[in-house]
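Undergrad: Since chain A is already given, all that's left is putting chains B and C on it; use the hints.
Chains as they are written, first to last, in UniProt numbering: chain A, 1 to 481; chain B, 1 to 481; chain C, 1 to 481.
Calculated directly from the structure, the hints in this document are not laboratory data. Positions of the beta carbon are idealized from the N, C-alpha and C atoms, including for glycine. A portion of the hints provided could be inaccurate.
Now the stretches of chain C that chain A is said to cover, found in silico as 3 or more residues with beta-carbon under 8 angstroms [stated by the list, open to error]:
1) 83-97
2) 247-257
Lysine-lysine pairs mimicking DSS-like chemistry, simulated, CA-CA at most 25 angstroms apart [claimed, not checked]:
3) C:K39 with B:K394
4) B:K238 with C:K238
5) B:K382 with C:K39
6) C:K269 with A:K8
7) B:K167 with B:K394
8) C:K382 with C:K394
Simulated restraints on C-beta separations [claimed, not checked]:
9) B:K113 with C:I23: 49 to 59 angstroms
10) B:L384 with C:D49: 24 to 34 angstroms
11) B:D34 with A:Y168: 28 to 38 angstroms
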Amino acid sequence: MSASTSLKVRLPAFVLVMEVVMIILYAMFVTYDDNANAKMQNNETNPMDNSMYRDYPYFADVQVMIFIGFGCLLAFFRFYGFSGMVFNFLTAAFTIQWAILIQGFFQFYYNGKIHIGVINLVNAEFACAVVLISFGAVLGKTSPVQLLVMSLLEIPIFSVTEWAVLKYIRINDAGGSILIHLFACYFGLGVTFMLYRPSLNAGHAKETTSYHSDILSVMGTLFLWVFWPSFNSALTIKGDDQHRAVLHTFIGLSSSTITAFALSAVFNKRGKFTMADIQNVTLAGGVTVGASVDMMISPVAAYALGVMGCTACFLGYRYLTPFLAQRMRIQDQCGIHNLHGLTGLISSIAGIVAILLATEETYGPSMFQIFSHRAPPEGDPKLLELQQLIPGLKPGLGRSAQEQALYQVAAIFTTIAAAAIGGVLTGMVMDLSFMASPSDEDCFDDEVFFDMPSDFDSVEVLKTPVSSDEKGQTDPSDTKV
Amino acid sequence: MSASTSLKVRLPAFVLVMEVVMIILYAMFVTYDDNANAKMQNNETNPMDNSMYRDYPYFADVQVMIFIGFGCLLAFFRFYGFSGMVFNFLTAAFTIQWAILIQGFFQFYYNGKIHIGVINLVNAEFACAVVLISFGAVLGKTSPVQLLVMSLLEIPIFSVTEWAVLKYIRINDAGGSILIHLFACYFGLGVTFMLYRPSLNAGHAKETTSYHSDILSVMGTLFLWVFWPSFNSALTIKGDDQHRAVLHTFIGLSSSTITAFALSAVFNKRGKFTMADIQNVTLAGGVTVGASVDMMISPVAAYALGVMGCTACFLGYRYLTPFLAQRMRIQDQCGIHNLHGLTGLISSIAGIVAILLATEETYGPSMFQIFSHRAPPEGDPKLLELQQLIPGLKPGLGRSAQEQALYQVAAIFTTIAAAAIGGVLTGMVMDLSFMASPSDEDCFDDEVFFDMPSDFDSVEVLKTPVSSDEKGQTDPSDTKV
Amino acid sequence: MSASTSLKVRLPAFVLVMEVVMIILYAMFVTYDDNANAKMQNNETNPMDNSMYRDYPYFADVQVMIFIGFGCLLAFFRFYGFSGMVFNFLTAAFTIQWAILIQGFFQFYYNGKIHIGVINLVNAEFACAVVLISFGAVLGKTSPVQLLVMSLLEIPIFSVTEWAVLKYIRINDAGGSILIHLFACYFGLGVTFMLYRPSLNAGHAKETTSYHSDILSVMGTLFLWVFWPSFNSALTIKGDDQHRAVLHTFIGLSSSTITAFALSAVFNKRGKFTMADIQNVTLAGGVTVGASVDMMISPVAAYALGVMGCTACFLGYRYLTPFLAQRMRIQDQCGIHNLHGLTGLISSIAGIVAILLATEETYGPSMFQIFSHRAPPEGDPKLLELQQLIPGLKPGLGRSAQEQALYQVAAIFTTIAAAAIGGVLTGMVMDLSFMASPSDEDCFDDEVFFDMPSDFDSVEVLKTPVSSDEKGQTDPSDTKV
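Next comes chain A alone, as it looks inside the complex:
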């Protein structure tokens, strides 16, 4: 609680500057898209065909995931519940408004304006998920100023990467395994590498959970679990593609969940469940089905992906996270490398396999809609033929399955490289001395940044006599997200 963590000047100054910047940029550049613009409606407009009715339900579901699901999940530390939940709230609210602008410049900018509708908000939410996942790597060790700075820098780096991959490499990644999960993971690892705190490798007295914080965190898991099908299907093509995305996500999560319980019991000394596994590893299936979530992979493949992703994630928490912390200077607080990195890689490979195995026999002509870059290019007579079967099919690049697979590989490496470099650079900025970073001792403690209610001290007092070492609960692998 040294003066250096006071937010009195730093945080308001940051917010004030950003608000002025945003008001100027919103005023100059942000306008409504056609679906939100009264002037674009005419006597042939059917109000119920407005794009909002296609996008808003998914937007609302993802909002619940971002603000309530992540918020509760990150509140799992016993003395850091306020911070977990509230910094998530602050960071998310800031990130989405910032992403509307930055992503807007790259993806929704024409006629000199960024045109917004609910669909931009959905895209901005995905950018927000990226920042919140990265946040998981440094949970407990960062001030809200650092988190806002991270968001400030991560969003442009993410938006450039996303734009370059979508525009130049052109990939299939409906559930965002590559662009969301891999990017977020390696960016977060880059940041935490720069914020390395050697003394925390031995564990920290406050790095523990409580009965209530564990329950709260499971509630977060459940909100993420329940709405994950909406996340994975929010940006697919409408119709059967979105339908499959929901099915695969649900099936992958289900098989992942029972696998997580089984592994948790096997690896526990006394054959009991460990809450951290239930809070995190159960969700692995949702990431693992991501890259192929809209393809005709068959339900059993989604089931198997759930089992595989969950196993990799579990073993990662067990063996890789301690290794990274002790040997690589990468302290991955919530284990995002397990839940988003390893699963993202498996998902990406599965996506490539699905691309290589796709045939017109399985997909019918709509193969060229799902794998849109494989559609014949403008002028090809095959395109006209296909457009008879699928009205509105857009010309593609005429790629073969093998070519598309190589582009996917290129996207994976590009994304990881951009994320890791961006993360390291961002971490350097976050490490500057005026960022209100808490001392090692003050980590994982709400009191640094919050006025605490009167019962908080008594919780502290309770803790001391019952030495947490006796129970062996405070090992550094008790991590999540």
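TA: Coordinates of chains B and C only, in the frame set by chain A:
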């Protein structure tokens, strides 16, 4: 905490076997239905007409009820919050994937395959609700292995019963009062009858709530309350039928809620509210309107059903649950017989009355759509006439109202009998010695199956000096679901 | 805990009388609207065009806000969590069924019947929000009987005001800034003025939060935050209007949120965050965009409104609430005057400015749809012309922008006056001696109205040694909603 409750081998072995079985069966039998199959889309397909857009919103709402609503509600015990919430999660995730298969064989199997879409997931969620309701009867006294075995056996017994009743008896039961609530209730009572623990009739020191567990449980109630209209309307005919289902469920819940508060205050010695009543009895109206939820019963009938069901449910908790436990060897931990049995019976009777009172004057020709078995059979000239008025009306069985009422009665008895026998048999299997069942003393204790956070012991310590007997809170009627 | 707070007779008697009244009135007057009536469907009905599919998603979202969002938010007191959450549940369930009737008589009554569909439920939910906001002014100091009486009287007064303003003054107020927020606020202030308790101005030992109650309350905030776009857009015109309402609400909330964090840190002595600010002030933007939420105000205006509303709200909590309590006998427990009154006024003024600035150049012809009272009256040739451009445009009153602005001003004053007078009269009734009102000492204490779990006393015991004065947490400005 004897070795016999270790999950180290048993639970993973069960999960592993089931995953192998499911991967084989999913691979052999499960494919996409037409709405989720890319190949079935053609140049006349409008993506926005995909069945997913009709079913997914209800699926998502029921998911919230199953995973969050039930999960929080079942976490009401002070030392059993992890178990209540987490066993619910495990059981639900396993049950839905299992029900997709088993229910699929009975209801969605053609051309050698089970065809799945979101509609199957909705049906599987209903099967899952059945298992979770039955779970309520044995909450606190069962290991997760026992719960998975219960699900393993209950789903086939339920699916056969459901299939037989729908295919051969043919009933009206939109909200599932007969097939969901009565089946789940009597199956659960059969199971708990076989798992009878005489020593628990005297109460158990840990059979108590805490300030926070009570609040968590009320949150579960509120999630169930809010989304119950989606539950009761998920499987009705679209249009005005579904509209009425929402209205009736909401009205029934509202009148039920204020009745529950009134009864709680009347019967309390000091004129205060009892949280268990608020957590459970308020929901009675949702079940009670179920069997007639899509019919033209008039809003006031929904209101009256809410009041009646709530009163029966309340009196059941007060007088019937203790009687069943002490005289009938039926320890109904959460009082499912009150919230699902008594209300289900009232609902079934109300459904019969509504069938007997239905006239074409009230319903117009769509009477033959709602009461589809009363539609004229194939070949009847009246059918052609009706099909002019209601395009797509399917031929029925030409039943009279009285005939339909008798079939409803037959379905009630069939369902109760199948459930009770199935429950007793399942209970016998669950009682086998290798099921990791906790000892009487270890009931209602998270520590048996979970690694506990360091503050859990201190909660225990707190409890001892303040004898709970002094406050009279630990009587066995303090039960729920 | 004197006998005078026993609910044993009073509450059940109230409920019984009201149930009899409602059963009689529902039976005599309430029937289905055309979309819920089987008889009104014919061979041209497309079930998927049923109004339920347009209204139900917003209904469900607002249900979450009312029952879970408000419920958690109001549970912020350490010893009053049961009461906050459960009285909200009881009051809301009663209010909606009552509002269906009373609002129905004023707005949905024709052919001798109130015709109900989901749209009535949405309207009744808004009436319910009014009562719950007013409840915020007297939280902790009222018995459930008093709250039910408040609802009993507030609903008719609100319904008359709403009807008179909509029918005779005719205003634009899509988000309900005038009719919902201003009415609710000044009614609540009127009530609390009559229930003035001088001794509480010095603070109350139990007027404090706990670590868990603060987290619970933030969860309530997050549920309100996430679904507020549905609230503000539930009753707009469908299509681009509703689309803009979602965008503006989201943007306004986002800028409001980061502003609230900044102000919280600036004004805190040690540069920390205060949870009460995060729980309440973050939401100010949702109210502030309300009156102009469907207009073409441009995204940057929504952003600026969020910042302005949030600032006014924050300063209100800081300076105005203590002033009102000490000088004006108005003890506004949750600070509704800040979150609903000041923001409602700013919103109303912004609405007037937006009306004055609206041009056909910006809106196109649909200006006459959004500002429906500006449409030409029946018979005006301009109306026929416009109906070519917007099929189904209804004749208006031919008002100019200036005229409409004046009517908005008239509506603001009318609403505030009706609310304040109605609140004072209602407060007089609530102050009658048989209303089970708790003594000053018993305020903010669950034990008065609930059977408490055995750990509640130990919480009390914990509190005494750690004098809350030492921490300075129990100042009367620690208020919310």
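Undergrad: Given the hinted pair B:K167 and B:K394, is their alpha-carbon gap at most 25 angstroms?
TA: Roughly 15 angstroms between the alpha carbons, so the hint for B:K167 and B:K394 holds.
Undergrad: CA of B:K238 to CA of C:K238, is that 25 angstroms or under?
TA: 21 angstroms, holds
Undergrad: Just to be careful, I want the Cα atoms of B:K382 and C:K39 compared with a cutoff of 25 angstroms; is the pair within it?
TA: 18 angstroms, holds
Undergrad: Do three or more residues of the stretch 247-257 of chain C come closer than 8 angstroms to chain A, measuring C-beta to C-beta?
TA: holds (count 7)
Undergrad: At least three residues with a C-beta closer than 8 angstroms to a C-beta of chain A: is that true for the stretch 83-97 of chain C?
TA: Coverage by chain A is violated here, the residue count being 0 at a Cβ distance below 8 angstroms.
Undergrad: Take a quick look at whether C:K269 and A:K8 sit within 25 angstroms of each other, Cα to Cα.
TA: 8 angstroms, holds
Undergrad: Does the beta carbon distance between B:K113 and C:I23 stay inside 49 to 59 angstroms, or does it fall outside?
TA: The hint (49 to 59 angstroms, Cβ to Cβ) holds, given that B:K113 and C:I23 are roughly 51 angstroms apart.
Undergrad: Does the beta carbon distance between B:L384 and C:D49 stay inside 24 to 34 angstroms, or does it fall outside?
TA: 26 angstroms, holds
Undergrad: Using the beta carbons of B:D34 and A:Y168, state whether their distance is inside 28 to 38 angstroms or not.
TA: Cβ of B:D34 to Cβ of A:Y168: about 37 angstroms, so the range 28 to 38 angstroms holds.
Undergrad: Are C:K382 and C:K394 close enough, with their CA atoms no more than 25 angstroms apart?
TA: 12 angstroms, holds
Undergrad: CA of C:K39 to CA of B:K394, is that 25 angstroms or under?
TA: Within the cut-off at roughly 18 angstroms; holds.
In terms of the numbered hints stated before, the structure departs from hint 1 and from no other.
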